[in-house]
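**Student:** Here's the letter readout for the chains.
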Amino acid sequence: MSKLCIDAKDLKIHFPLKSGMFQKKRVLKAVDGVSFSIEAGSTMGLVGESGCGKTTVGRSLLRLYEIQEGGQIIFDGADISRFTDQQMMPYRKRMQMIFQDPYTSLDPRKTVAGIVSEPLLAMNIMKGKDAQDRVREMVELVGLKADHLSRYPHEFSGGQRQRIGIARALVANPEFIVCDEPISALDVSIQAQVINILEELQDKFGFTYLFISHDLSMVRHISHQVGVMYLGNLIEYAEVDELYENMVHPYTKCLMSAVPAADPVQNRERQRIILQGDVPSPIDPPSGCPFRTRCKYCMDICAEKKPELVRVNEKHMVACHLAGK
Amino acid sequence: MAEKILEVKNLRTTFQTLAGEVKAVRGTSFYVESGESLGIVGESGCGKSVTMLSILHLLDENARAEADAINFVGQDISRITTKEMRKLNGYKIGMIFQDPMTSLNPVFSIEQQICDPLMRHLKLNRPQARKKALEMLETVGIPSPESRLKQYPHELSGGLRQRVMIAIAMCCNPRLLIADEPTTALDVTVQAQILDLMKQMKEEYDTAVVLISHDLGVISSLCSRVIVMYGGVIVEEGLIDDLFYETGHPYTAGLLRSIPRGDGEKLVPIDGTPPDLLNPPKGCPFAARCSHAMKLCREAMPPKYPMNEHHYSCCWLHHPSVIAKRGEAKLI
Chain A
1 MSKLCIDAKD
11 LKIHFPLKSG
21 MFQKKRVLKA
31 VDGVSFSIEA
41 GSTMGLVGES
51 GCGKTTVGRS
61 LLRLYEIQEG
71 GQIIFDGADI
81 SRFTDQQMMP
91 YRKRMQMIFQ
101 DPYTSLDPRK
111 TVAGIVSEPL
121 LAMNIMKGKD
131 AQDRVREMVE
141 LVGLKADHLS
151 RYPHEFSGGQ
161 RQRIGIARAL
171 VANPEFIVCD
181 EPISALDVSI
191 QAQVINILEE
201 LQDKFGFTYL
211 FISHDLSMVR
221 HISHQVGVMY
231 LGNLIEYAEV
241 DELYENMVHP
251 YTKCLMSAVP
261 AADPVQNRER
271 QRIILQGDVP
281 SPIDPPSGCP
291 FRTRCKYCMD
301 ICAEKKPELV
311 RVNEKHMVAC
321 HLAGK
Chain B
1001 MAEKILEVKN
1011 LRTTFQTLAG
1021 EVKAVRGTSF
1031 YVESGESLGI
1041 VGESGCGKSV
1051 TMLSILHLLD
1061 ENARAEADAI
1071 NFVGQDISRI
1081 TTKEMRKLNG
1091 YKIGMIFQDP
1101 MTSLNPVFSI
1111 EQQICDPLMR
1121 HLKLNRPQAR
1131 KKALEMLETV
1141 GIPSPESRLK
1151 QYPHELSGGL
1161 RQRVMIAIAM
1171 CCNPRLLIAD
1181 EPTTALDVTV
1191 QAQILDLMKQ
1201 MKEEYDTAVV
1211 LISHDLGVIS
1221 SLCSRVIVMY
1231 GGVIVEEGLI
1241 DDLFYETGHP
1251 YTAGLLRSIP
1261 RGDGEKLVPI
1271 DGTPPDLLNP
1281 PKGCPFAARC
1291 SHAMKLCREA
1301 MPPKYPMNEH
1311 HYSCCWLHHP
1321 SVIAKRGEAK
1331 LI
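Sequences listed follow chains A and B, in order. Quick note on numbering: the first sequence equals residues 1 to 325 in this note's numbering. Quick note on numbering: the second sequence equals residues 1001 to 1332 in this note's numbering.
This is chain A alone, in the form it adopts within the complex (with noise of 0.2 Å):
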């Protein structure tokens, strides 16, 4: 087996929420306990609905959460969980993030130069001359031209302001990027060009992505392993394959049969489940598993115990106690 980049062992994420004086202090349960880790050079992608923590995990990897409320995060053998900023300086270098909307996320009043070369200078990696050909490089390699780097982020595209997002994350070669929805703003002929830069790189270089998304089909077709969260749980992990083929959980069920086909034939002959209400609230959670009131399935213990994580079989884990019965 080879080395592990990131190892997650119970991680709880809890915002406090306002609250008056005589009221009882209330939290919001992003992440409930996540473990998974990922291998080094491989990709893991992260799905669920909107809400469910699949960001907040991607940013507490990043350590741009506080760990307070428990978990490990083991970053290349070493527990950075209670590292203080100090101690964590040497790591960032090393972990990068690119971000879903590329509107927003580069600084409109710096230029392509400005903005690739800011992580080799805030962190003193490289400066000057050096600093200069590597951007050139960089910009190049993710399909832009060095004309550009004298421009503005205005003056480009959603597709080519992610490039130069993407750009940005990777000119200080970092190990570990978690991709936070970086297609979903994006047009679908674009999207591709994006997702096969991405794939280009981890060939060429050996990255590590946590692939954040909503968009199950593309979901599997860049990661190696999947995980599928709900209400800030992980309730089912696995081979990519093993998962879209013989998934487990009754809500990754609902939530593959969700998503249409784009094939006629396929969506005629596709039976489907459609998951009736919404995502219940994560300030208060059910209790037991946190999928029982949507569940068809749901037997008594279900309110009754939390399901672990088990595992079903050497690639394949799922927290449900209908598994294995």
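Don't read these hints as lab results, they were simulated from the structure. All values reported here derive from a predicted model rather than from experimental measurement. Among these hints, one or two may not hold up.
[To be verified] Below, computed lysine to aspartate or glutamate pairings styled on EDC-like, alpha-carbon distance capped at 20 Å:
id, chain 1, residue 1, chain 2, residue 2
1, A, 253, B, 1196
2, A, 145, B, 1138
3, B, 1199, B, 1138
Based on the hints, put chain B in the right spot on chain A.
**Tutor:** Quick look at chain B alone, frame taken from chain A:
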């Protein structure tokens, strides 16, 4: 043969901007038959939304829409006044917009917003309208409709808001429902609920639906006929199966290839970016990104080449002399 309830002939829409005149729609002609569902696919900026907004007279002041004719149930609506158009909008033509948060009015309760078209168009009084509004909310599957009527849009989730939008659009039993990216802002599970609801409403009320979307999956699960737009023109039109399996235009083929099929094969993106509609190209708008492009493509706009009775493609590859020279184009 079904009756054509909407027929658009040579629609042209331009916007006056500081940078010059943007030619957003450059001569589109199409029709909608009663009870059918027509999909319009294309990338952002291809003119799919502007086409529908032009028909409904809902464009901003800096826009100018011209058409040879727009026939809606026997009436030419291309030159009628906004006041006359208001009698049709929300009555004979229902609309659902992309973002249910910004298309519902935040300062009116759900009851007021549903009752408004009922009282205005169907001339119901308040208690009658209220009764009908309750029925509608029940039909679109909103739990405890009594209490929802008193609520305001911000109290509802995205899926519920979109259901309210559908209730408002369908309450006067329109002949035509125009849905502009109705599920883009929603999660997949909610999207499936809304698509299912739209299908059910369409059958129940026998309404024709025009669904505008960039998602080929959404289109193929709801529509029977599809129009593909690119750079302000229609490049291909056909029945859904013909379009997916007998693709006639390189752009449609490119779109289909850039979606993952689940077999792990590398995606084939369409290189480049869509044309600038300030100075649209003289020839085929897709020529600059097309791998089949010939000299002719950059010079002249291709005419419609019929593939079968309902299916045509605007591409020079189907010209008899090109076929004679290059053979039948293999696009997929």
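**Student:** None of the hints should be skipped; say for each whether it holds.
**Tutor:** Hint-by-hint comparison with the structure:
| no. | hint | verdict |
| --- | --- | --- |
| 1 | A/253 - B/1196 | 17 Å, holds |
| 2 | A/145 - B/1138 | 56 Å, violated |
| 3 | B/1199 - B/1138 | 16 Å, holds |
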